[in-house]
Structure formats: C-alpha cells, structure tokens
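Knowing the structure of chain B, use the given hints to seat chain S on it.
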Amino acid sequence: MNTPLLDVQDLKKYFPVRSGLLRRVVGHVHAVDEISLQIMPGETLALVGESGCGKTTAARTMVRLLDADGGRILFRGQDITHLEGDALRRMRRHMQVVFQDPYASLNPRRTVGEIIGAPMVLHGLATASDVNDKMRDLLVQVGLQPDYLSRYPHEFSGGQRQRIGIARALALEPELVMCDEAVSALDVSVQAQIINLLADLQAGRSMSYLFVAHNLSVVRHVAHRVAVMYLGRLVEVAPTAELFEDPRHPYTQALLAAMPKAHPVRPRRSFVRLGGEVPSPVSPPSGCHLHPRCPVAEARCKTLIPALVAVNSCHIVRCVKELPRTA
Amino acid sequence: MKLLEIHDLKTHFFTDAGILPSVDGISFEINQGEILGVVGESGCGKSVTAMSILRIIPEPPGRIVAGRILFDGHDLVSMPIEALRKIRGRDIAMIFQEPMTSLNPVYTVGEQLREVLSLHLGLDDDAARARIVEMFSLVGISEPAMRVDAYPHQMSGGMKQRVMIAMALCCSPRLLIADEPTTALDVTVQAQILNLLVKLRDERGLGVMLITHDLGVVAETCDRVVVMYAGRVVETACVQDLFAHPSHPYTVGLLQSLPDAAKPGSRLQTIPGNVPSPLNFPTGCRFRDRCSRASSACSLEPPLHVVGDGHEVRCHHPYQGGEHEHAIA
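Chains as they are written, first to last, in the numbering used here: chain B, 1 to 327; chain S, 1001 to 1329.
Here chain B stands alone, though its shape is the one from the complex:
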C-alpha cells in the first residue's frame, strides 16, 4: 500500500465567538470537527458542502494556512502540524494554493514576471540568469504568451488571471495544489478551459489536488474521490462514481437532488428534498447536525452522534441508518 501524500488525522479548527463589551469568548465555532482524510499521490480529492460547512477552513488548515487546534497533519509521513519558521517555509514549496477570486489574489502592482519569478528565486529553484527562461516555459504550459511577463494583472481577463494564479502555484513544482473554488468565478466556456488545463498539468507532473468546490458537476468531472462536509463534520467519503450513483447519507442525497442538471426533463421533478437552511455553525443542532432538516430522521438522531461507518473499503458514511444493527 502506498503512503498517502497528505494524511490528516482528527483535524480540529475552532474559532472563538466573542461577545459583549469586553469581547469575552463566549463559545467556539467548531469549523472543523475531527476530520480524517488521506490524499494519495496523483489523486484529486474534492471537498464539497454548502456555505459555512467548513470546507475552506478544513482545506486551509490541511495545507497549514491556518493553525490546527487538534489532530495531526502528515505530509509524506512527516508530521507538519507544528512546523514553524524556516522549516514551514520550506514545506510550503510542496503545497501551493490557487484561489477563487482571480482579481483579488494577484498583486495589482506587480508584473506577471514578479508574481511568478519571486517564489522561484526565493526557494532556490531558479537563479537570476535562468529565471526568465523558466518563467516563459511556465507561461506556455498554462496557455499564455511568454511575452506577458512584463504585463500587470489588470491587463488580463478573468480566465487569463486564473492561468497566472495557476502558474504561480506551479512555479515551485509542488506535489499538492489546493484549489479553493478555483473555477467558480469563471464563465462556463472559460471554466472548461481551466478544468482541462488542471487535468493536463496533473497528468504531466503527477500532482495531487485538494479541490474545494460547491459545483457538483465540476466535482464529478475532476475528482477521483469526494468528501462531503456538513457543519464541520465529514458525513460521507467515497470514490466519485460511487458517491454519485450510490449516495448513502441523506445530506449527500439532497445535495445531488438539488443539483440542476443541464437537460430538460418532463415531467419536471420537484426540487425540494431538504427543508430549511444550514443552521448557524455557532450553535449547531445536537446529535446528528442534519436532524432538523433530515427527511428520514429518527428520535435517536437528536442525541446520538453517529460514528463514521465503512460501507466498503473506500466508502464511509456518518448516519444512524448505516450503523450495524445491535441485537
């Protein structure tokens, strides 16, 4: 069995809730509540869920953009949970990020060359003499003209900027790239270009992607495995095809049912499968967080936090319906 590239064990991230005149801490939001996940070399793992479910926080904690409040993060077997200073900086080379907003994530005062070249020189992957050649290579790989190096971000369209963001992430030859809603802000025709680019780059470099997204059509297309989160907890993890064909958790089922499909059907199916909205993560419901909205909830769902149960060797789900029956 291969060692995972990234192995996250019981990861926790809490944010304090402050209130009153003295801004006392009155509670904690359990944004990430004991999450365990593995990403294999060359694999794309998607993290999905609705706003406030903690998917972005989980992903950011996993690549050490946020400090964990509990659990362990192993990168190629090395514990990186508490790395600091130079050691952390050296580790960052291997884990890069492509952000959602191609407008806000590039410094408007820097040229493309400065944006891509600075990290290469800092990490000793290029010298002043060959950095230009390497940057030109990289721009060609992400589908941009090599002479764009001296231009500024405002001269580019959204899709082109996202290509620059990808070039910046790839400049350090990372093994893991976290894509935080990297194609969500793009128009459909451009989104397809970027999805293809990410696939080509992965095939050429055997990188892993941690793909944070809410668009399930995109996830179905790019991911090898999918992890579904609801209010800070993992509710289901499965290989992509299996998750879409045999979703076990009621929340996963509702998400898939609510996903608009791009072909008209008659008679029109009714949309609503899940009532209400995602409750505030400050005071999540007791027991299974989904129980107030769940169409199949039982009395015990109010108190019992179901454990993650293995449906098979690669499919886990957190629901009382899947718990083994006790005599």
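One or more of the hints may lead you astray.
[As the list claims (entries may be wrong)] Some but not every residue of chain S turned toward chain B, in silico, with C-beta under 7 Å:
hint : residue
1    : M1079
2    : M1155
3    : A1219
4    : D1223
5    : P1259
Calculated directly from the structure, the hints in this document are not laboratory data. Quick reminder that beta carbons are idealized off the backbone N, C-alpha and C, glycines included.
Just chain S now, kept in the frame of chain B:
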C-alpha cells in the same frame, strides 16, 4: 398572451474610453404564465436588458438610444417617468442577485414591504401587515408573523431572498424580472427558490424573465430561452429544442463546455478565446473570432434563420436539421 415585447432595443454607455454598445438591437417577448430564461456569459448585456425595461440604467453614462419596450401595448421607453413609476413595483417587479445588499439594514423587513403596499395599493398599516404575513407564508418564510419585525441582519441569505421575492410579489405583478436570483445561494436553498417561481407561474400565471448564467437552472425551470452574446440575441428557442437541437455555434459551444456533457475525467470541449470587450466588438457576427464554422461571410451582419417552430438563430452557418442532435448526452 404577450406580456412584454422588446423591439430592437439598443442601450449604449458613453464613456471616456468610447461608446459601449452593451445591448445592441435585441428583440424578444415574454408571455403570460411563462418563464423566459435569458442566458449568456458576463458582459453579454443580460442585466442591462433587465435594467432597460424598468429604465433604471444609470444615466449618464448609459442611455436607451433606440427601440421600443411594449408592456400591455404601452411603450415603456417613451412613457413619462411618472407613469412608469406606477408600473414599477406594481405591474413589473424585479429581484436582484444580492439579497444581502438589496435590503435597507436600518429598517425592519416589514417596514420595507409596507412602503410598497401603501404607495401602490394605498393599504393602511393593519391591512398591510396582514398582506405581508400572507406573502411571507406564500414564499415559505417560517413564523411569518414574527419575521415581519425582523431586521435584515437577523436573517440568512436564503431568507432575505425570500423577503425580496415577497416584496416583488406583494402587489401581484404580472411580470417578474429576476436577475440571477439564486446565484448567491446554496444549492438546496436555490432549489427551494426555483420551485417557488415555478409554482407562481403555474398558480398565478406570472410571467418571469429569469436571467442566469447557469444552464442547469434554465433546463429545470424555463419554458423558453434567449441566448445572448456580446449585446445581441443569437438564438431563441423553447427549452427542449435549445438543449436537443442547439443551432448557433455559440450555444453548441456553451452546452458542450458543461462538465455535465462530458464523461467524467475526459477532456471538456472548450470555446477558444475570451468574450470580446464591448469597446472592440468584431464587425458582423461578434462570435466569429471564436467560431469554428466562421467564414469570410461572417464579417457581414448575420441573417435571422427560422430553424423550427419558435426557434430562431442569427448566424451565417447555423447547425441545422438535427446536425447537432444528441450533442448533450
């Protein structure tokens, strides 16, 4: 029955950089009891079209330079603004993409609806309150009587969008213009809101202009679709025809670039290049630089072809006769 007819509308913006022909000669109509989808990518002019109908284009720099917009046979473009004010909010209502910024944070949602009701229907406070509670329960707000006195910040995004819909519907308009009403919402809440629009169409005969970039939303809710590109309408069809026999190369490209259309993990079809800037739209067909079927003829204005019942396309080389059937598996 035709509710709204747009004839050759042109809305241009006059900026220091030049004239932006954001909407440049578009025509379509919306019938009673029909959800018309208006789709296109950013900058295609779909929101400017919606704002032109209610004449809420910021002026300057924008101006409706030509065209007629007939509502009930009356031209909204040439109508005195006082007469238009009586129509806005009462006969034609609009909801926007951002429910978070469309409500005034210092008034309760009830006060904001009451203003509409007293202005257009002359209701007193008690009658207005009863009407608001009725509207809130119609749009699926739980505990409507209590929610009347809530401030916007006490509500979630989905709840605020329901308040906006309640406000839009409280004078029983005949036409609702919904500009990306669910883009900012989660999928499970989006499903609830779209379901509500379908229900209002079926039960009240509401006409809806649904502006969206999401072809999934179009497929699931719309009766007819208008596809816009670079300030022009390139294709109009009923929703089944549009997805089964797309005719304009841009529509075909859009449908093919959806991840839904492809086998998971396979390469997606793409449209090369980017949407052109309104400052330098190509002459003739504005899609020709990105089009695989383009020829020298495309530098001339494309003709309008009727390719089916109510199915029109503006193109020199449209896909025809099932040439593109089953493009979308």
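Hint check results:
1. Because the beta carbon of M1079/S sits about 35 Å from the nearest beta carbon in chain B, more than 7 Å, this interface hint is broken.
2. Among the interface hints, the one on M1155/S is violated; its C-beta lies about 10 Å from the nearest C-beta in chain B, farther than the 7 Å criterion.
3. Look at A1219/S: its Cβ gets to within about 5 Å of chain B, closer than 7 Å, so that hint holds up.
4. The closest approach between the C-beta of D1223/S and any C-beta of chain B is roughly 10 Å, which is over the 7 Å cut-off, so the hint fails.
5. Given hint, P1259/S at the interface with chain B, holds; its Cβ is 4 Å from that chain's nearest Cβ, closer than 7 Å.
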